[in-house]
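K.L.:
Generate the whole structure from the sequences, applying the supplied hints.
Each residue of the sequence shown is one higher than the one before, counting from 206 in this note's numbering.
Where hints are given, some of them may not hold.
To be verified - Ranges between beta-carbon positions, derived for each pair:
| # | residue 1 | residue 2 | range |
| --- | --- | --- | --- |
| 1 | ARG284 | GLY305 | 28 to 38 Å |
| 2 | LYS301 | THR259 | 14 to 24 Å |
| 3 | GLY285 | SER262 | 17 to 27 Å |
Derived from the structure by calculation, the hints contain no laboratory data.
Ideal Cβ placement from N, Cα and C applies to all residues, glycine included.
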Amino acid sequence: MKHSTASASPPRAASAQAVTVSSSRTAASRTGGGARCSGGAGDDGGVHCPDFRTAISARVDGEELPPDLSGTALAAHLRGCADCRRWEERAYRLKKLTAGLF
Numbered sequence: 206m207k208h209s210t211a212s213a214s215p216p217r218a219a220s221a222q223a224v225t226v227s228s229s230r231t232a233a234s235r236t237g238g239g240a241r242c243s244g245g246a247g248d249d250g251g252v253h254c255p256d257f258r259t260a261i262s263a264r265v266d267g268e269e270l271p272p273d274l275s276g277t278a279l280a281a282h283l284r285g286c287a288d289c290r291r292w293e294e295r296a297y298r299l300k301k302l303t304a305g306l307f
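P.N.:
Encoded structure:
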């Protein structure tokens, strides 16, 4: 990859390295903050909070869980992940608050 530098660039900008993404699904997009979820410490088999939140959303809406996530795995994750517990509480609260709108 060839880089060009504008003649008016400050020294720090002129020496900046190019940034590339090695995957279409970055850590920041998986968790919204760049870190893995706080639950499970690896016990979740590589499943990240957004995957669990999809299951939580399904449960809140009375739908079946995604086929790759069991209710047992979701319960275990929620025991260990305060962020997802908060997310679940907010999802139920939002459902309750919007129940009469539709």
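K.L.:
If any of the earlier hints don't hold here, list their numbers in rising order.
P.N.:
none
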